[in-house]
Structure formats: C-alpha cells, structure tokens
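Protein chains in written order, with this note's numbering: chain A, 1 to 628; chain B, 1001 to 1536.
Heads up, a few of these hints could be off.
[Unchecked claim] What follows is a list of derived Cβ distance ranges for each label pair: (1) A:Arg453 - B:Pro1481: 32 to 40 Å; (2) B:Pro1481 - A:Gly576: 24 to 32 Å; (3) A:Gly581 - B:Tyr1175: 16 to 24 Å; (4) B:Leu1496 - A:Glu165: 46 to 54 Å.
It should be emphasised that the hints constitute simulated quantities derived from the structure, not laboratory data. Positions of the beta carbon are idealized from the N, C-alpha and C atoms, including for glycine.
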Amino acid sequence: MRTVFSQYAWLAPLFPLAAFVVLTELNRSLKRTGAFIAIVASLASLALSLLIAFERIGTGAEDYSGGFAWLTIGSVTLSAGFEVTNLTALMLVIVSLVAFLVNLYSLGYMRDDERKSVFYAYLSLFACSMLGLVLADNLLLLYIGWELVGVCSFLLIGFWFHKPEARAAAKKAFIVTRVGDLGLLIAILLLFRYMPGHALDFVSLHNVFDSQAGVISTSITTAIALLLFLGAVGKSGQFPLHVWLPDAMEGPTPVSALIHAATMVAAGVFLVARTYDIFEASAVALDTVAYIGAFTALLAATAALKQNDIKRVLAYSTVSQLGYMMLALGSGSWTAAVFHLFTHAFFKALLFLGAGNVIHALHTQDLRQMGGLGRRMKTTAWTFGAGVLALSGVPPLAGFWSKDAVLAAAFERHPLLFAAGIVTACFTALYMARLFILAFWGRPRGDAALAARAKEAPAVMTAPLLVLAALSVAAGFVQTPFGSWLGAWLSGEAIPEQAESVPVMAASAAAGLLGLYLGWLLYGKGAPKGGGAGQTRPWPWLVRLIEREYYLNEAYGYLFVKPLQGLGRALRLFDGAVVGGAGRLAAGAVQALGRLNSRLLSGQLQTYGLAAVIAAVVLMLAIAGRRF
Amino acid sequence: MPDNVPILSFIVLIPLAGALMLLLLPKDRGRLARISAIVFTGLSLLFAVWLYADYQPAFGGAKYEERAAWLSIPLNLEAGLRDQGVVSYRLAFDYHLGVDGISLPLVLLTGAVSLMAALGSVHIRKRRKAYYALLLLLQTGMYGVFLARDAGLFFIFFELTLIPMFFLIGIWGDYGREKAANRFLVYNGLGSAVMLLAFLLLVATLGFRADETADGTILTYSGNYDVMLANLSDPNAAANAGGALSFTGGLKWSVFVLLLVAFGIKVPIFPLHAWMLRVHAEAPPPVVMIHAGVLLKMGVYGLIRFAGFLLPAQLEAAAPAIAALGVINVLYGAILACVQKEFKLVLAYSSISHMGIVLLGLASLSEIGFAGALFQSVSHGLISALLFLVVGSLQERTGTTRLTELGGLARSLPFTSGILLTAGLAALGLPGLSGFVGELLAFLGLFATMRWPTVLGVLGVLLAAVYVLRSVLAIAYGPLPARFAGLKEARFTEALPMVALTGLIVLLGVYPSLLTDLMEHGFAGLLRELQTRAGG
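With the sequences and hints as input, model every part of the structure.
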C-alpha cells in the first residue's frame, strides 16, 4: 500500500522547532502569546502524526524513508534521514499526543510563572528532539535526538533554577544519563567499525543482524548489544542508573508527566525495540535485559512503598514500569514492551497531571499533608482513580492487558522472571492504593486553611485528564490474548490467539487486586489517624533501607564522586608542584641567561623577536656553510 | 572581482596597515582607535570570507599563490663548485603565501574570533590606542602563520604573535599579569628556539634545490615548503643534494621530536601546559579569546603542516605515543577542571582536555580523524572565544570569576547566562552544536585503529559534562546573592558578538559540511604518503 502522509513525517519535529525558534528569539515580547504558538505547533504535530498513523492502519503499508548526506569525508558519508514504520508511527502518536495535552495543561499550571515563554520554548525543543529521535533512520541521528532530549530534560528539571535542589537534580540527571549515553556512543563506534560500508541505518542493521549471521562475530555483537542497553539503562532509569529519575521530580509537574513518565524515559525501550535484531543475535544480551528489567521493576516498586513525596512515588513507579518493559524485551517480546510503553504513557501521564492538580491546590507534595481531597476535587479524583486502577492492572483497563502481555512473555522465558513480575504487580497496586488513599480519602492532615480553600483545577487542566483517563481505560483493547491486533500491526506477522495464557491473566489480576486490598487494609480501613506515624514497624532495618532508597546515592558518593575529587586534588598538587615547578625552573634558567645576555648585548625581552631573526640567519649560514 | 587581486596579502597586511594607522592617531582618541580597529579587522575578515566563497576544494589553493623574492644571501661559492658549472650558491628567503583545505578553516576562524575579540574589548579602558594597535599586529601574525608557505616566513609570523601577546598580557592583564607575561614569553621563546632548530635542519636538508639554467646551475637553500614537499617525494633528492646533509632516519626523528616539542608547547601538550594556565587566568578576557581561540591552533597547524606532511613515516610510527599524549591531555585536563575554584582555570583545563581530542584525531592517521582534529580546532576556537566573551562581561559586572562567589545570575542576567549555558553545552559536546562534530569525527577515526584510547577519550566527554555543569550551574543557577540583584544585562555591543559566535557554533553543529567540504582535498598529500607506506 502506498502512503501519502508518511513522506511529510519530517515536518512533525519541525513544527515545534519553529515554535522554539520563535519563542527564543522573541522571548521578551511574547509574554502572553508564547504559549499559544507552542500549543498550535504541538497540535500541528499531533494532526500530522494521526494522519500518518491512520493511513498505516491495516497491514502491508510500506515503510517510507528519505534523507540526505549530512557529512561526507573521503569515502565515508554520514547521513541524516527519517523512516516511517508502524513502530515509529505509533511512537509519533504517543509523543505528539502527550506533548499536546501537556502543553495545554501547562497553560493552567504555569499560568503565573514569569518565565512561561521560556518554559514553552523548552517544551517545544523537547518535542522536536523527541520526534526527531523517533523518526531517525539511523543510530547517529537517533543519538543526536537522544542527547537533545537529555538536555531538554536537564533544562526543565532545573527550570526553577534558583532552588538549589533543582540545580542539583538537573546536574545529576544530565551526568548520570550521560554515563549511559557513552555506552550508546561506543556502540555506534563499534557498529561504524564493523558494519559493512560503515552503515548505521536501521534497515542495514536489520539486514546484517537478522539474516547475515556471521558478518559480525558473536562477541562483538554481544558487546554492541550490551552497550546499546547501557544507553537504555541510563535513559530509562534502570538499575543501577535509575537514581536520577526520582530526583528529577524537582521539575515542574507537567514536565514530569511528559518527559519523565510518558516519552523520554521510554526512549531506552524504543532504542532496544528499534535495534532488536542485534539483541536477538545475542542470548547474553537478552538475558541481561530481562534480569535487569525484572530486578529494577521489583526494586523500584518496593522503594515506592515508603516515599512520602507524591511525585517520588510516581517516579519510582515509572522506574518500575520501565523495568517491566525491559523485562518484556529481554523475554523476547518487543511488541509486548511497546504495548506496555503505549498504555503506560497514558496512565502515567494521567497520574502525574492529576498529582499536578493536587500540588497546584495544596502547594505541597508531601502525602502526609494531604487527605480528603476526593470531595473537593471530584474530576481529579475520579480520573486519578482510573489511572490507579489501570496501573494496578485491574481488568479490563489498559494497564491490565499490557502488563499481562509482559507477564505472559516472562512466563515463557523463566519462572523467576515471572515471579518477579507478579510480586511487582502486587506491590504496584499496594503503593498506588496507599497514594490514592493518603491523598484523596480521609480527612485533611495538613494546613487546614489551605485544605479548606482547595478546589478543582480549571478546565484547561482537567480536560487533558479526561482524555488520558479515557485512553487509560480503553487503550488496552488493541491487544488482548484473544485478538492481538497491535502486535500483528507492529511486527507485520500474524499472532495466534493465546488462550493458554488465561492462568497468567488470572494470576496478574489476582496480584493487582490483592495489592489494592492490602493497601485498603493498611492505609484505608485500619490506618491510625495522623498518617501512620504510630504504626509498629516489623523490620525496622528493612523499612529504613527502603526509605533511604537502598543507600544507592550514598554508595555512588563513595564509589565515584569522592574518588574523583580525591584524584582531582592529588593531580592539582602534582600540577602545581611538578609541572608548574618545572616551568618555574625553566623560567629561572632563562632569566639567569637573560641577565648574562643583557650584559653582553644590553638587549631586553622586547628585542627578542629581532634577536631571534638574526639568530636564525646566523644559524642557517652556519649550517649551510658547513661544507667548508 | 578580478582574479589578480593579491587576496592573501590583503588578509595578512590589512591589520598591519591598521596598526600603523592607529599609531598616527592622537593618544586621547580611544573611541576612534576602537572603531578603526574594528573596521580593519572586519575588512580582513571580509577578504577571508571572499576567499572562502571563491575557493574550490578540487583545485586547492594553486590559484592564490602569492610570492616575491625577498632576501637572497650569497654563500661561499667554492672553486670546486664553480668547476661543476654552478654559477650561484645562495640562501633565499621568499615572501610566499598560499592557502589550502587545512589553512582556510583556520584563516576563517582567525577572522571571526579576531572581530569578536575586537568587539568584545569594550571593557578595555586603559591606553586603548596601544591596545588596539597590538591587537591588529597580533592578527597579522596569526594570518601569516596560517598562510605562509615558507618555513622562514612562518617562523617570522609565529614570532610576530609573541610580541603583541606579551604586551597585551603584561599591560592589560589582572594582578598577576607581569608574571604571566613573563612565563608566556619564556615557554614560547623556548618553543621558538626549538622550532628554529628544527626548521634549520629542514632547510639544510629538504630545503636544498639545484636549478639548471642556461648559464649554469643555481644551488639554493630555502625554507620553501613546496620545495620541501617535492624533495620529499623525489627519491633522488638525496643524491641531487650533493654534499648537503641527507635527510635520513635519525635526523628525521630528531626533527620530528623537536617539532613535537615546539608546537606541543603551543597546543599545549601535557606536561608543557603550565604557561597557558596563567595566560587564561591573568590576560584580559578578549585577549584570551584570541589566545584560546586561535593561538593554540597554531600549534595544531604547525604539527600537521610540518611534522605531519614532511615526516609522515615518523607521524605513523609515533601515532600510539600521540594517542597516549592525547588521552593524558583529555583526562588530565578534565579531572583538574573538575576541582578548580576559579572559572577561568576551569576553562583553561578544559582547553587542555579539548586539545587532547585534536591529538586523538591526528593519531588516527585517517582522513576522518584528521578532519575531526581540524574541525575540533575550529570548534574549540569558537566555543572558547564565546566562553571568554561571557567571562569578560561577568567579570566587568561582578568583579570576580570565582565559582564560590557567584551564583543565581540567570535571574539578573538571563541573556548572558543563557549564552553561557549554550557555550557550556557546546563545550561538553552536545549534538547540534559544533563541539560534537569534531569529537565524533576524531573518535570515529581513531576507533578503527586504537580502540581503548578512544574509549578513554570518550570518558573525557563524560567528565566534560561534570566540570561544565558544575561550574556553569554554580554561576547561573541557585540563589542570587543580594549584591548581584541590580546587575545590568549585556549591552548591544556585548550581545552582538555573543549572538554571532553562538550562531556560528549552531551553524557548524547543524551543518558541518560548510567546513568539512573545504577540507576535502586538504589532507590528500599526507594520506597518499601514509597509504603508500601501508601498501609498501
């Protein structure tokens, strides 16, 4: 089937880029209208993405690609181009839809911020980079987008730059993800070295790793896959590089929804899915992905249990859900991973934006200061509830189907992976129940005056919630064990009905419901007043371990930061004493010589140039005249 | 424009003419001095841009050769020689300018950075006439270095940059200016002495030529670069040279090491960098723009032009050592940049780190790596110029560039802070800005032959993120100290060069072909040599 709109896909990132340029150039004169420029641009991207996706629905649509030579040196050409496949079309819709909704939402959330147009400029640059990353037809261009979304994330985390915490969090996010980025860069160097014709485009990668086994040796393939995964680990907040993501919550909440929940952090999953042939060629790499994913899912889910900052709970939840996606990738089902990415984008964005409404109303992010908001913020509470159920995997909401697909893949791979997935599902429901109950049920625990004045957010902030809630409820039906439309569309292969996975479904649903029930028992029904301060702690050391997030930040401090500082100080002494000392010695010698010289020639440093020229002539004569 | 315009000479001599004209101005006309300096600088840049527009990589620079016999010193013509039909025996200095794919990017860099530095000198109030005259003289030296096609002329221009720099540091610098100027001169003077020795050896060997004329043979020693190249590729050159020194292995290595030391001081290569730290910290910021932006690149250019093209076998054999030096530069500079408390020193060590990447590109011995080295040189020139432009603005307003005393300036100086952040991101190699392209090309080139040095170099990119963010965020982010609340944002004259440099950095980052296309045939000769070696 021929496609019409796909050939214009390159316009999708250009709309927000234009908005970014206009907003940056005319920053001062656009206090009011800036936001509208960004919103119109994101709407244009969304419209184009939808057109592209709709015309590709149904199987058999050809992939479309186009591009140009970016840089030619000798026989090597680095090209820049875009490619539209069903996967990229789906990502285009996810990214541009969430971006549009967040742009709209920010109209309310950032209304009183004096740097609103800067905020919208950053958001637009992010949308441009993310859409570029998605559309890139080769790894180098993807890397460029990858770095640019990273820097937008950095800028937006540090948007309230006067707060020292925001500054620290922005710095941490950039540096920790850059550790992963280096993996990606080295993977690109390896591919450039070993791929026939230095090709870096995904079509060639597919051809070489899928069908021409042996062109690149297994050990190199494994190295490439692991390094690509290192990139994904950094970006998608997988253990051990996930530490930046909870801190990234210092950014404005719409940013957390867009970048740190729905889109950018999923880029790692997208990267692995896009280069899946390389991973399939290496069993070691697939296992690594699966076990890191499962471990991250479990670790982050436990950490989320004891967080008191509403956004930190959601951040750990994101880490955990990204772990699920990695688990699916490592278990051999990239379509399940992309499916979970798809549903997660909606319900997690919904949860963040809902949390944003709460924060907007109460001016606090501390769950212990909340409570009883359900009555005052009905739309927020209902939509948030839908998000909680979707994330907890309650049938038939979206999260249930996608989580089920992940667990079914894990079940086929290894019982251990499946067990980790099920336990995580239970914890997920538990911490979401806790969060929902602490925020929306019971009585207000914080500032009474503020709680009394708390009211529902304006329509511009609730409308996006309604859209996302609808999607969180319904989006899962695109792929069920009984009809796997999305998977077939993405992979281009018919997928048989998987009725045998009904036990997995039952287990997953049971785990979710059990978690919700436990949550209600612990925090709803049986919770003491005051938010659980008087609770007995069964294993105090374990609770403290979880509360302190497994002391990972401290460990990094001792393992990397302190040694680097120590090395730096040692080198500083060396540089001053040895290198500088040698310089002083040379200077002293020359000055001594100069004093001698000045007696001979009465010359000064100023005549140095002339002296050098004369010396040149004399020496040349001496050497040339050596013959006699 | 007609073809017979001596465009290269215009580029080199216009600033000199400007400097002479400034000397005629009365002392108190500082503003007029500034304006004329900007005009002359701009005029030179205009010719450089014209050269860029007119230049065709496929033909190289043959079209623009400009030469004139300058100085001819007769040597002792012995009876024995006369009997062999030799009618003249001499040592010749030629005024010989030329351009190719390696020098043209650096000429453009010189023009751009010089103009921005002249514009950015708005805070210089002391003895402006002398200041701008020296700035113009410095430009003649820099253009000359990149355009000279004669070793003697190259040397003279190289020396010509030292004198104005010495005064610019010594008179207009900070508290430690005299010591810094002194150290600058000592190191670079030693470098020049070593370079002179190397050049003399080159003249005495490769510079010898016998021309048969109707009257008889003319024997000439000269620093003519083309003669050197021709002798190098001519297997009979040694025989033709008669009794002159023959250019053999041991001598070649001596010359190579001497050149490495001479230009290594300028680059600077660890451990020859102590002088440039002081210059970064003490010289006035616009002068550092030129120092970090262009002068360091003279070292790179010298290495390529003389150590590379004239001694390809030695370059090839020394490639692992150069890669090792590059790695040391990258990591040593980066780690030290992470612990500095003075922003200017962060930038100084950052320069060391970035110049290490140039060395890595050179060590790759491949076209893509060479292109990376040259691209990185230009890119680093623009980025460090922009950073020191901002440093100048900040220092003028806050009176300090110590990281612990600054903070939160994004509130009172949003524009300047935004530029600082952009420059910082460029320095840490963000794609879309020029720094990334140079690093990428150097890494791509080196990785084919030396895997682990490349990986270590990539590690430097991570450290770059650490030291850039640490220092830039310390200045721009965080709470704003009360004493900085009322700072005035950059004026138009300050903002203009900032925007221009940022634009260039973005342009080269997005569309690097603008520069790489120029280099297309620049390295052809060297690559051919390296290939025949690999083949033979």
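Here is what the structure says about each hint:
{"no.": "1", "hint": "A:Arg453 - B:Pro1481: 32 to 40 Å", "verdict": "holds, 35 Å"}
{"no.": "2", "hint": "B:Pro1481 - A:Gly576: 24 to 32 Å", "verdict": "holds, 29 Å"}
{"no.": "3", "hint": "A:Gly581 - B:Tyr1175: 16 to 24 Å", "verdict": "holds, 22 Å"}
{"no.": "4", "hint": "B:Leu1496 - A:Glu165: 46 to 54 Å", "verdict": "violated, 36 Å"}
Hint violations for this structure: number 4 only, all remaining hints satisfied.
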